Amino acid sequence: MTHAAPTRPRRVSPEEVLARLGQPDAMVKAKVQDRIDDYSRYFIAHSPFLTMATADAAGRADCSPRGDYPGFVKILDEHTVALPDRPGNKIADSFRNLAENDGVGLCFFVPGMREVLRVNGSGYVTDEPDVLVRMRTEAKQPELAIVVEVAEAYFHCGRALIRSRLWDPASQALAEGMPTVGEIAAAQFGADVDTALLEQTLEEGYRKLY
Amino acid sequence: MNQPTHQPTPQPARPPIHQPTPQSARPPVAPPTPQPTHPPMQQTVVERIDQVAEDVVALTLRAAAGGQLGPWDPGAHIDLSLPNWLTRQYSLCGDPADRHAYRIAVRHDPLSRGGSEYVHRFLRPGRALDVSVPRNHFPLLPAPRYLFLAGGIGITPLLPMLRTAAAAQLPAILVYAGPSATSMPFADELRRSYGDQVRIVETKRRGRPDFDALAATLDADTRVYCCGPATMLAAAEAAFPAELLHAERFQPVTRTFGPDTAFEAVCARSGTTVAVPSDESLLDALAHAGHPLPSGCREGVCGSCEVTVLDGAPEHRDDIGAPKDRMYPCVSRALSPQLTLDL
Numbered sequence: 001m002t003h004a005a006p007t008r009p010r011r012v013s014p015e016e017v018l019a020r021l022g023q024p025d026a027m028v029k030a031k032v033q034d035r036i037d038d039y040s041r042y043f044i045a046h047s048p049f050l051t052m053a054t055a056d057a058a059g060r061a062d063c064s065p066r067g068d069y070p071g072f073v074k075i076l077d078e079h080t081v082a083l084p085d086r087p088g089n090k091i092a093d094s095f096r097n098l099a100e101n102d103g104v105g106l107c108f109f110v111p112g113m114r115e116v117l118r119v120n121g122s123g124y125v126t127d128e129p130d131v132l133v134r135m136r137t138e139a140k141q142p143e144l145a146i147v148v149e150v151a152e153a154y155f156h157c158g159r160a161l162i163r164s165r166l167w168d169p170a171s172q173a174l175a176e177g178m179p180t181v182g183e184i185a186a187a188q189f190g191a192d193v194d195t196a197l198l199e200q201t202l203e204e205g206y207r208k209l210y
Numbered sequence: 211m212n213q214p215t216h217q218p219t220p221q222p223a224r225p226p227i228h229q230p231t232p233q234s235a236r237p238p239v240a241p242p243t244p245q246p247t248h249p250p251m252q253q254t255v256v257e258r259i260d261q262v263a264e265d266v267v268a269l270t271l272r273a274a275a276g277g278q279l280g281p282w283d284p285g286a287h288i289d290l291s292l293p294n295w296l297t298r299q300y301s302l303c304g305d306p307a308d309r310h311a312y313r314i315a316v317r318h319d320p321l322s323r324g325g326s327e328y329v330h331r332f333l334r335p336g337r338a339l340d341v342s343v344p345r346n347h348f349p350l351l352p353a354p355r356y357l358f359l360a361g362g363i364g365i366t367p368l369l370p371m372l373r374t375a376a377a378a379q380l381p382a383i384l385v386y387a388g389p390s391a392t393s394m395p396f397a398d399e400l401r402r403s404y405g406d407q408v409r410i411v412e413t414k415r416r417g418r419p420d421f422d423a424l425a426a427t428l429d430a431d432t433r434v435y436c437c438g439p440a441t442m443l444a445a446a447e448a449a450f451p452a453e454l455l456h457a458e459r460f461q462p463v464t465r466t467f468g469p470d471t472a473f474e475a476v477c478a479r480s481g482t483t484v485a486v487p488s489d490e491s492l493l494d495a496l497a498h499a500g501h502p503l504p505s506g507c508r509e510g511v512c513g514s515c516e517v518t519v520l521d522g523a524p525e526h527r528d529d530i531g532a533p534k535d536r537m538y539p540c541v542s543r544a545l546s547p548q549l550t551l552d553l
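For the record, the sequence lines run as chains A and B. Counting from 1, one number per residue, gives the positions in the first sequence under our numbering. Counting from 211, one number per residue, gives the positions in the second sequence under our numbering.
Since the hints were made in silico from the structure, they are not lab data. Quick caveat: nothing in here was measured; it's all calculated off a predicted structure. Incorrect hints may have been included.
Stretches of chain A that chain B covers, calculated by requiring three or more beta carbons in the stretch to come under 8 Å of a beta carbon on chain B [claimed, not checked]:
(1) 41 to 51
(2) 67 to 73
(3) 128 to 137
Stretches of chain B that chain A covers, calculated by requiring three or more beta carbons in the stretch to come under 8 Å of a beta carbon on chain A [to be verified]:
(4) 294 to 303
(5) 324 to 332
Every residue, glycine too, gets a C-beta built ideally from N, C-alpha and C.
Based on the sequences and whatever the hints tell you, model everything.
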């Protein structure tokens with residue numbers, strides 16, 4: 001495409017979308033659990049990474065990554081999980097959103113596993129000591145955690161991860177095609193920024209993970 | 211759960227009660243490995259998971275491919291490298307004569323960070339697990355008689371000690387306290403094997419064991435070994451003479467130290483000098499400078515990151531009681547502006 005389209009791409013109505021995709025079959029509906037069952041528990045215990053979606057009162061959405069050692073999300077009971085607030089998590093956005101709108105969507109990943117676990121529910125912020133103490137790493141304990149009361153939990157099929165070759169080690173070569181983060185930041189902050197210094201600062205920051 | 215680790219009380223430099231194992235008695239065929247030596251890892255397979263009390267499972271870890279595992283003496287522990295990247299320390303509670311399998315017991319801590327929870331909820335027989343060779347911060351020293359004091363899961367290092375003392379026909383008493391018999395691993399087995407030598411104290415029914423009464427009738431040549439929760443260790447420290455008491459604790463003691471200050475670590479073998487900022491541990495600073503060390507608890511309890519100090523004054527903040535010229539860089543820092551390490 002050499003020119004920007006003069007108009008936005010055509011908008012398809014929800015009715016038409018449904019008509020084109022068809023209704024989900026009964027088995028797909030049946031896989032949706034209203035709680036963290038044993039299999040979801042296994043998945044969460046082995047997951048070092050997830051994405052968390054929240055939205056503000058107006059519905060403006062945000063999605064952010066969370067990662068730590070496998071099982072960093074604690075299962076408090078079959079209806080409740082808790083996520084630690086680690087520094088550098090851009091958590092303020094999620095906190096601000098949760099204050100206005102408690103809807104949360106989580107997508108858990110296990111490296112090497114093609115299926116994904118999706119957990120939806122409502123969230124709030126806690127400083128409960130018995131929750132935080134379970135999240136202690138390297139002798140540091142988070143000050144806050146997000147509690148998610150689970151409404152839905154289900155496994156999402158592996159097609160997206162198969163197609164994306166996400167766990168194929170060869171896929172990591174894609175990063176070589178990217179500009180460095182220093183270049184990106186320099187371009188986004190303005191012309192007078194020292195790229196090397198930015199990269200050095202970023203690497204320094206990455207040394208302190210907790 | 212944290213591994214029991216003995217308090218930083220000076221230990222008499224006497225040999226453990228066991229004879230040196232044939233392996234350590236063999237002349238070395240290779241030149242001695244440079245210090246610090248870190249326990250190499252061994253491959254095992256989870257053979258059995260047995261429920262041995264409420265909230266306690268015993269794991270039998272068999273050497274992979276039918277091989278032998280590193281030798282150990284009573285009081286030793288291993289690092290267990292769990293699939294969720296956590297490393298946890300557990301005392302060996304099986305038979306040292308069995309060179310093909312280790313046995314450990316793990317209590318499910320309701321406030322688990324993921325170690326004991328993983329063992330209880332997600333580990334399955336057949337899973338491959340890497341474990342360290344055993345290390346011993348709590349050796350059984352020779353004595354004509356013993357008194358063993360166990361609190362709950364603190365029974366684990368004392369089990370092989372009692373077995374060793376009994377095999378040597380030395381008088382030994384075990385006082386084993388726990389809330390109730392159902393929560394106390396190996397209680398039945400101990401009663402069956404050792405009869406009157408074992409006193410089970412169910413604290414919910416009978417209160418805590420009376421250490422003062424025990425101390426009053428103690429022969430002066432008895433060595434007292436205590437492993438249990440902090441309250442029990444404190445009671446033992448109050449009741450028994452320090453020179454007779456050997457204690458191992460589960461959690462690091464809360465203590466206060468001077469403010470963290472920056473210092474330099476000179477790595478003697480590589481010739482590099484590493485700046486350690488005030489907000490970074492020596493362990494992390496070394497890792498970032500290209501000297502990664504093994505680490506486990508990262509709170510001065512397990513001893514995985516031990517390093518040899520050639521010069522300078524370390525500020526020891528660990529709960530192990532660093533041997534002479536050694537330190538644990540996960541928590542310990544420096545009193546002098548510079549430390550020279552054997553790295």
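Cross-check of the supplied hints:
1. 41 to 51: Since 5 is at least three, the answer is holds.
2. 67 to 73: holds (count 4)
3. 128 to 137: Coverage by chain B holds for the region 128 to 137 of chain A (6 residues, Cβ < 8 Å).
4. 294 to 303: holds (count 3)
5. 324 to 332: n = 5 at 8 Å, threshold three: holds.
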